[in-house]
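Peer 1: Residue strings, one per chain:
Protein chains: 2
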Amino acid sequence: MQFHHNGYVSTDPRVEEAAGYGIDRATELPDEMDVLIVGSGPAGMITAAQLAQFPNVNTRIIDRRPGRLEIGQADGIQARSVETFQAFGFAEEIVAEAYWITEMNFWGPDPKDPKNIVRHSRTMDDPQGISEFKHLIVNQARVLDYFARFAKLSPARITPDYGYDFKSLTVEEGEEYPVHAVLEYTDGPNAGTERVVRAKYVVGSDGARSNVRRSIGATLAGDQAFHAWGVMDTLALTDFPDVRIKCAIHSEAGSILLIPREGGNLFRLYVDLGEVAADDNGKVRQTSLDEIIKHAQSIMHPYTLEVKDVAWHSVYEVGHRLTDRFDDVLLEDIGKRDPRVFITGDACHTHSAKAGQGMNVSMQDGFNLAWKLGHVLTGLAPESLLSTYSAERQVIAKNLIDFDKEWSTLMAKKPEEFEDPSFVADFYVRTAEFPSGFMTEYQPSVLTGERTHQELAAGFPIGKRFKSAEVMRCSDTNPLHLGHQHKADGRWRIYVFADQAAPGAASPTTDLAEWLAESPDSPIVKHTPAGADFDSVFDLKVVYQTGYRDFDITDAPAAFRPSYGKFGLMHYEKIFAAIEGNSIFDERQVSKDGAIIVVRPDMYVANILPLDAKEELAAFFAPLFK
Amino acid sequence: MQFHHNGYVSTDPRVEEAAGYGIDRATELPDEMDVLIVGSGPAGMITAAQLAQFPNVNTRIIDRRPGRLEIGQADGIQARSVETFQAFGFAEEIVAEAYWITEMNFWGPDPKDPKNIVRHSRTMDDPQGISEFKHLIVNQARVLDYFARFAKLSPARITPDYGYDFKSLTVEEGEEYPVHAVLEYTDGPNAGTERVVRAKYVVGSDGARSNVRRSIGATLAGDQAFHAWGVMDTLALTDFPDVRIKCAIHSEAGSILLIPREGGNLFRLYVDLGEVAADDNGKVRQTSLDEIIKHAQSIMHPYTLEVKDVAWHSVYEVGHRLTDRFDDVLLEDIGKRDPRVFITGDACHTHSAKAGQGMNVSMQDGFNLAWKLGHVLTGLAPESLLSTYSAERQVIAKNLIDFDKEWSTLMAKKPEEFEDPSFVADFYVRTAEFPSGFMTEYQPSVLTGERTHQELAAGFPIGKRFKSAEVMRCSDTNPLHLGHQHKADGRWRIYVFADQAAPGAASPTTDLAEWLAESPDSPIVKHTPAGADFDSVFDLKVVYQTGYRDFDITDAPAAFRPSYGKFGLMHYEKIFAAIEGNSIFDERQVSKDGAIIVVRPDMYVANILPLDAKEELAAFFAPLFK
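Chains F and Y are the protein sequences, given in the same order.
Going by my numbering, the first sequence opens with residue 68, and the numbers climb by one from there.
Going by my numbering, the second sequence opens with residue 68, and the numbers climb by one from there.
It should be emphasised that the hints constitute simulated quantities derived from the structure, not laboratory data.
Hints are not guaranteed to be accurate.
Which copy is meant is left open, because identical chains are indistinguishable; a pair holds if it fits in one copy or across any two.
Quick list of in silico lysine-lysine cross-link-like pairs, DSS-like style, CA-CA up to 30 angstroms [what the hints assert, rightly or not]: (1) K480 <-> K361; (2) K693 <-> K403; (3) K234 <-> K465; (4) K201 <-> K534; (5) K593 <-> K234; (6) K375 <-> K554; (7) K201 <-> K554; (8) K633 <-> K375; (9) K633 <-> K361.
So here's chain F without its partners, still in its complex pose (with noise of 0.2 angstroms):
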């Protein structure tokens, strides 16, 4: 965390000095803005908070409810997610609150009396490794209020306005703010009344029955037979011992996704109720809590369990449905046009809750998003930047969905149709990349470089998330993960992974140091506003294969250690060394001749470049940039 080099911070280091829009934010909701986000659910606020960082474009976001979420909704957190969280600074926090799911059990009938349940198997949750961080069950709201308090204490001071319904827009090309909104208030003296808003870009982050993609036109396509589930979250009495692991339960009765909850004694139960006739139209949704809490006694035979209170049920169908488009801009449009208006989380793709996915994926679409509008509507990048959200995201929603019909499909099977009665256990130990959220890979495209020089650095596979391992930062002899000092603040990071020459000596590094602090062809040098730090658009890092007793930080060239702030101090924290017997190189399979790495603001490996390829890494970002 920098902070102080402008002078000293004597309260909360995490309140960040407030700037632009932040400054004299408006309490109430203008009638001009340049981004307005629809919904304040996952996919919305990880946007606020992403665009907070951007205190020169006004952003406001905005729900129908009058205030916080404060029940019920999506629990389930990907490693990818507290990953994410991280770099908006508060995995720790979060992670001290929730559930850790280490560990996934599976119990069926007991071949000896099938109508009893007993434990089939125990599998681990994360066998290979796959992320230093933790899977995690917490409540939506508490993921919501976390991201909410970042954009409120980023420069921007974004906070949502709540009150307001989003009823429909147009879009007229040619005028400055050219997407026009028409909200209604739900709350207040003005309720039930409308109000025109314009903005230069919409996210509809408005959830499943999305009024944003009603308004443009899209429309979710998929299953016609829904699954219906009834949910409750309960604390009770059972003498069921694994009632606080994961549990997959399969019994004669019927099938149960337990969901133990943060907080020691809460946990979640997905009863299923199984497929719902096309003409149902929603009698399912009246089964009662007393009849879901009945079949869920009798799947959990012979174990008890006593309800004692139920802070929230609901009984859903769902179907596997996604768009063919993320924004505005029709197939066939493609290119012609730059979108306006954007759909994120559930207004594209819906699905089953069972394998925890919901709010993670939808909280890397705005993820996604949301550094583009901030670089385009800096003036930083083109207006083009913003198609490849739709291109990008669509095709991971598409596999989400291809995954989850597997999944939910085994979930709803009885345990007599499997041969062999490990396969639900084996299939979630087989596929564990997907659900913890590593398996998105972006294609080549304008963002993402192709696999050309991909074998200087095998471990970080172009398109994938850069992966963290852990180095020494030299200055202060800290040994840290490189990926955890990416904060979600929009800037690119081009990490250098030094040649095997010492620190300063006349290098390849030392070669592309210079070049990159002086060049007028540098990325760095172009692209960086004039005035602004060294170090605002581009974070510059190295990493040195000498070891960090072995070198001064002063010999390292200036480009990584830049002068910032007021003072003009020097910036100590963007040189590390490979830590030995954990090397970074090794680990990672970085070549011994060096390799720089250009990862996105939203933490995606973009490209992969040998020292001296200095005309391909201006080539790679001028389409980026203005």
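Using the hints, position chain Y against chain F.
Peer 2: For chain Y alone, kept in the frame of chain F given last:
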């Protein structure tokens, strides 16, 4: 973290439910209160924070300042203090913003050219791995903020009453609120006028010039000769390569202790100004900032030091001084009456800042005292418990001062005075347990058992703080540090390290569990107030040797999974198993026949007993409860 067990908690679970005096806490300082804490520094704030867990005790904390501390003062945080912060729930957060000491470097004259300094040695800060916690540097103001937050979010909802200066007190024995304290308003319309309030107990945490100390007739005795230091928190440009590493610099021009600070750029310099003559009369305190800077520059030669900003600076003289008692009971009256007034922190011990000790020892003073006040004032413990505070802490302060004298003498020595140039570095490493805060070892007393059964758990020395180790929490298969489950909630811990029998089988462990839960002689049965949860005074936990996958938690005796809260839910987080390959039994040399380990509310091991020593266990607790 336990929450939801009394119903769903939607917001931050760190906000505990208000109770007792916290429900409708008086915004103004009342005329009568149970505890009056004077001074909101580290010693006072931890006392308030701990007492905030006792909502039926009316605790107030005053300070002469108009508001929170903003700058300056102590910044060294030992691992023992971070461990303490963990118990108060803010270790992760303060670690994230603090500077982490991993090495200390020693600089001295270049033998080839003694006008220049060169690096003589590097030392690891904690080479033996004394603690799993870090050694931090962070401003005292932030430590106070975090304790203040804990106090405010605790059931008693304590916040400081700023703007009151303590003048004097008298004790009128026989009255319900026998301590009459004369305060003076320092702020607001009444500034300068006096007011008398009455308390059952007064805690003087009012610093080296303590009026509470004066009021009880205690005096700081010790050194006549003081040593002066110029200290400044600065932002500067320098080519000194170790400016982000804690350094002791001895040069021909003098000596500096360099302490890097949080935030990436700030650092503190302690510049030695030498011994102060007895007739100096504070003249040394006139040393200007410019003089301090110039002195620092000459010591750091040939490195540059271009000061850009000085956030805080001071010149202070310090001696090693100590009071012979930490309460109002004269030495000759010990055992004849119980104390009413206590002094903590700098009010009873002063020493140099060089070993980074002051704030740390002061906090342990408060931690030691506060739970005792809580137990006495809630009627659990007899008043005699309070006399253990002075008995335990005075000797600790004496040890501290002896250590600090040695260390600060070394720091003030000239390079040529050392026979072996690595003497200082060697001393630093050799004595690491002391400055990290783990040398405290209480001697046998009513609170600390004899070492009779120490061999049952050699790795948990009686009288020292409970050194954590990892165990598996069986209910949710989370590997956790057992010691980190010890929240600063004023409860005693009883750890049952089980014998080798399977959980629930007839065994000394099962037998003990049943006795603890049911026997009228059980300390839990005897000393837990009627109607309170089984674990409200004693937090009983078990660690089995049986692998966690080899039994169900429902096999364990009911004492280890008691019911709690308004729904009578089962507590799932008290049953642990040794981790295969990393067994706490091996790591802490616990007998395979099992052992009972009793840990005080302030985290010190109070006693170790065999599993069948029921009478001894009852006898140990008998004098500690009413």
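Peer 1: For K633 vs K375, is the C-alpha pair at or below 30 angstroms within one copy, between two copies, both, or neither?
Peer 2: between (59 angstroms within a copy, 10 angstroms between copies)
Peer 1: Tell me, please, which holds for K480 and K361 at an alpha-carbon limit of 30 angstroms: within, between, both or neither?
Peer 2: Answer is within: at 20 angstroms inside a copy they meet the 30 angstroms cutoff, but 79 angstroms across does not.
Peer 1: I want to check one pair: K201 and K534. Are their C-alpha atoms no more than 30 angstroms apart within a copy, between two copies, both, or neither?
Peer 2: both (14 angstroms within a copy, 25 angstroms between copies)
Peer 1: My question is about K234 and K465: at a cut-off of 30 angstroms on alpha-carbon distance, are they close within one copy, between copies, both, or neither?
Peer 2: within (27 angstroms within a copy, 73 angstroms between copies)
Peer 1: Could you figure out if K201 and K554 sit no more than 30 angstroms apart (CA to CA) within one copy, between two copies, both or neither?
Peer 2: Answer is both: 19 angstroms inside a copy and 22 angstroms across each meet the 30 angstroms cutoff.
Peer 1: With identical chains treated as interchangeable, where does the CA-CA distance between K593 and K234 reach 30 angstroms or less: within a copy, between copies, both, or neither?
Peer 2: neither (43 angstroms within a copy, 65 angstroms between copies)
Peer 1: For K633 and K361, with the copy left unspecified, which applies at a CA distance of at most 30 angstroms: within, between, both, or neither?
Peer 2: between (66 angstroms within a copy, 23 angstroms between copies)
Peer 1: Classify it for me, K375 with K554: is the Cα-Cα distance of at most 30 angstroms met within a copy, between copies, both or neither?
Peer 2: Classified as between: cross-chain Cα gap 27 angstroms, same-chain 43 angstroms, threshold 30 angstroms.
Peer 1: Indicate which option fits the pair K693, K403 if close means a Cα-Cα distance not exceeding 30 angstroms: within, between, both or neither.
Peer 2: within (18 angstroms within a copy, 84 angstroms between copies)
Hint compliance for this structure: hint 5 is the single one not met.
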